[in-house]
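Those sequence lines, one after another, are chains A and B. The numbering used here puts the last residue of the first sequence at 113; the count rises by one with no breaks. The numbering used here puts the last residue of the second sequence at 1112; the count rises by one with no breaks.
Simulated from the structure, these hints should not be mistaken for laboratory data. Incorrect hints may have been included.
[Unchecked claim] Within a straight-line C-alpha distance of at most 25 Å, the following computed DSS-like cross-link-like pairs (lysine-lysine) qualify:
#, chain 1, residue 1, chain 2, residue 2
1, A, LYS9, B, LYS1104
2, A, LYS9, B, LYS1042
3, B, LYS1104, A, LYS57
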Amino acid sequence: NAGVTQTPKFQVLKTGQSMTLQCAQDMNHNSMYWYRQDPGMGLRLIYYSASEGTTDKGEVPNGYNVSRLNKREFSLRLESAAPSQTSVYFCASSGSTGVTGYTFGSGTRLTVV
Amino acid sequence: GENVEQHPSTLSVQEGDSAVIKCTYSDSASNYFPWYKQELGKRPQLIIDIRSNVGEKKDQRIAVTLNKTAKHFSLHITETQPEDSAVYFCAASRNSGYALNFGKGTSLLVTP
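Input sequences plus hints: build the corresponding full structure.
Structure, rendered in structure tokens:
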């Protein structure tokens, strides 16, 4: 039982490059989320998917796109990376939004140079 | 949208003392309040949560209290141990359909 699996764990990008962060969960959760964590800023919501087939913007969606590929997988895409997107990215899932705790993935440390 | 404020940003206590972290929220419709612990370089992990129909919840050395009228909730850790050293995040959300909004975190250091 792996829980929430994120790939890659580390990535260095050049400004303007694109990449997709992958996230998969095996807990049959309905809801999935992408957060970014920056020093002193806590966890800020980028996008979330309350259920398969739906996605919604969070607090900091600019520069990102998401795809809820199926119930298990929720990917985050950076189309043209910028240094301001240097951060640690966490994927999480929960049985439903708002009323149950999250299970987080191990994170992706992204550096944009 | 929901705004969650967390205080203090850093907290240092001696082993065996108690630690209290406080959070306030802005959305009166919020009714779910979890707390997460994040050790250095690791993922956040849920340690305790409380719902709006409950005023207090306890799990061994950890307790959370909620005051819906004042829109604040607190985490209490008693008999602190060095392994309690971590960053703690509070969060709040409404019912189904809304994601969690997190506070900025409290870095707790427990010194032997």
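Inset, instruction - Go through the numbered hints given earlier and state which of them the structure violates, listing their numbers in rising order. - result: Checked against the structure, no hint fails, so every one of them is satisfied.
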